[in-house]
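J.: With chain A held as given, fit chain B onto it using these hints.
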Amino acid sequence: MSTQLAALSNELAAAVKQAEPHVVAVHARPRFSSSGMFWKPGVIVTAEHTIRREEEITVTLPDGHTVPATLAGSDAGTDIAVLKVEAGPARPPHAAAPAPGTLALAIGRSEESGVNASLGIISACSGEWRTWRGGQLDRYIRLDLNVFPTSDGGAVINTAGELIGVATTALSRIAGLAIPTATIERVAEQILTRGHVARAYIGVGLQPVELPEHHKGLIVLSLEAGGPAAKAGVLVGDIFVAVGGRAVAETEDLQGALESTAPGQIVEADVLRGGDARKIKITVGERPRRG
Amino acid sequence: MHAFGEIAEKLRRSTVQVHTFGRRHGGNGSGVIWSADGLILTNAHVTRGPEAEVELWDGRRFPARLAARDPRRDLAALRIDAPSLDPAVPGDSRTLRPGELVIAVGSPLGFAGALSTGIVHSIGKQWIYADVRLAPGNSGGPLADANGRVVGINTAVVNGLGAAIPSATALDFVRNGARPALGVSLRPVHLGLQILELDPDGPAGLAGLRAGDVLLGRLEDLHAALDAGGQTIRVRFLRDELRRVRETVVRLAARAEAAA
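Residue numbers (the working numbering), protein chains in the order written: chain A, 1 to 291; chain B, 1 to 260.
None of these hints come from the bench; they were simulated from the model.
Accuracy of the hints is not assured; some may be wrong.
[Claimed, not checked] Simulated coverage check for chain B against chain A, where a stretch passes if three residues somewhere in it have a Cβ under 8 Å from a Cβ of chain A:
#: 1; region: 3-10
#: 2; region: 85-99
#: 3; region: 111-124
#: 4; region: 143-150
#: 5; region: 157-163
[Stated by the list, open to error] With a Cα cut of at most 35 Å, we get these calculated DSBU-like pairs of lysine-lysine:
#: 6; chain 1: B; residue 1: Lys125; chain 2: A; residue 2: Lys40
#: 7; chain 1: B; residue 1: Lys125; chain 2: B; residue 2: Lys10
#: 8; chain 1: B; residue 1: Lys10; chain 2: A; residue 2: Lys84
#: 9; chain 1: B; residue 1: Lys125; chain 2: A; residue 2: Lys17
[Stated by the list, open to error] With the C-beta cut set under 10 Å, the calculated list includes, among others, these residues of chain B facing chain A:
#: 10; residue: Val102
#: 11; residue: Trp127
#: 12; residue: Tyr129
#: 13; residue: Asp240
Small disclaimer: the values here were computed from a predicted structure and weren't measured.
Ideal Cβ positions, reconstructed from N, Cα and C, are used throughout, including at glycine.
With the rest of the complex left out, here is chain A (with noise of 0.2 Å):
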């Protein structure tokens, strides 16, 4: 009986060790540092909103050393930043997309203590998820597990030692969440190319309204002079119901629509018009961006 116990904590242990060479701590705040992930030679993936400076970021390595770090980019949508040093170990295995109930660790590090590690489940799965900061996570994983703040930003994996994803305690109220893996990648690489992530807009500004027969659409209230759309031919007063072949029925719709266009791609709309409908090609912009 209590060999399988001593099994299954032999098992975790050598999970934690698979994952340590990994796991960074990250100091860009003040009083507590954060955790970062490898996720290749030379670039670390953490939490963004553990990052509360651009410069003088600094990183200790598995091998105790604290190096300068620095900062490729972040998108605070789906609470990315991505680090860079001098060298470091490649990507972790990554894990099989996790079903509730499978055993997960969130592995941290700290300068004092070295890497850590909790304990828990992932307590629900499901699909794409657009989340309050305005990104879009490929899949939604919530935590049962303490994500204690040094440990924030740091790796989630399975008993194997495999990836997971990010930890981060930002995007929900209630749990922490893993934030997947494929969407690091998208967002990561994204930030390495151009460094900062490009999001689509068409310069308009909605409101949802009924239709007849229970539809529902986007009226256009107001235009961005010279905007992908204004460009396009949308009028004040149309009303979007579908854009790239999906149903838009609330504002965040557009987004979810647009999150697959890069700027500069083509995307056609539904169109109501005084009654008629029609089909309008709009030259996908890219949101300005703040500051």
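T.: What follows is chain B alone, placed relative to chain A:
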């Protein structure tokens, strides 16, 4: 899992409640039976008063005598006159790894024999941190590994984590007794360490130091000096006048109070 219960049942027989009395020093903590003939290990902060009583898992109560106390490491050894107890099996805290399953037994908030489980969070310089839920009353009780071997003495809750004194430290205390101490409680201040409380019969008190004096230097350096093995240490301090550095020699108590 069945196995947690099995380990917990054994561990409960090796865990005691420590009751202390008096208005200032009264309270409840836990302790670990370290030898079959009545040596009990607990935290120094559990045994502040002169008297203590030990209650076994089966409800029997015994008066306890303080055999040794090490406030710097927060450890104390008690002696009770009770035959053939079930001692805990010590583990090796030096080989403990983050991620290992751990089990804490104690009497949090007075619930005797309560069990909490979790994993080792990290191995600190001074303490083992565990992702287990502890409460006042767990202090002095055992933290055991997946084989039921005691790897730590639960001592504090730090940022939501259980902090335990490693069993290697506990073993050193049982074998070699308390480390030399000044007999003071200190708080860090701008210039050094200010004496808050002082035992008038302790080494610092006998050397003429007083509450309010500020010892110059850092805590680590003071600890290093105390552990250097000498019979005396030289202490530089400030009293009243900021410009006048005073000096005294503190004679340390011999490290002879081995508990076992």
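J.: Decide, hint by hint, whether the structure agrees.
T.: Do the hints match the structure? See the list:
For the region 3-10 of chain B, the stated coverage by chain A holds: 4 residues have a C-beta nearer than 8 Å to a C-beta of that chain, and at least 3 were required. Check on the region 85-99 of chain B: 3 of its residues sit with their Cβ under 8 Å from a Cβ of chain A, so the three-residue criterion for coverage holds. Evaluation of the coverage hint for the region 111-124 of chain B: fulfilled, as 7 residues show C-beta separations to chain A shorter than 8 Å, against a requirement of three. Against chain A, the region 143-150 of chain B contributes 4 residues with a C-beta closer than 8 Å to a partner C-beta. That satisfies the three-residue criterion, and the hint holds.
Chain A is given as covering the region 157-163 of chain B, and this holds because 3 residues of the stretch bring a CB closer than 8 Å to a CB of that chain, at least three being needed. A C-alpha spacing of about 31 Å is found between Lys125 (chain B) and Lys40 (chain A), which places the hinted pair at or below 35 Å, so the restraint holds. Straight-line distance between C-alpha atoms of Lys125 (chain B) and Lys10 (chain B) comes to about 30 Å, which keeps the hinted pair within the 35 Å bound. For a cut-off of 35 Å, the pair hint linking Lys10 (chain B) to Lys84 (chain A) is broken: about 51 Å separates their Cα positions.
Proximity of Lys125 (chain B) to Lys17 (chain A) is assessed by CA-CA distance (about 19 Å); at most 35 Å being required, the pair is judged to hold. Annotation: Val102 (chain B) was flagged as interfacial toward chain A, and the flag holds, the nearest CB pair being 8 Å apart, inside 10 Å. Evaluation of the Trp127 (chain B) hint against chain A yields a held restraint, the C-beta minimum of about 9 Å falling below 10 Å. For Tyr129 (chain B), the suggested interface contact is upheld, since its CB lies about 7 Å from the closest CB of chain A, less than 10 Å.
Violation of the interface hint for Asp240 (chain B) is found here, the shortest Cβ-Cβ separation to chain A being roughly 35 Å, above the 10 Å cut-off.
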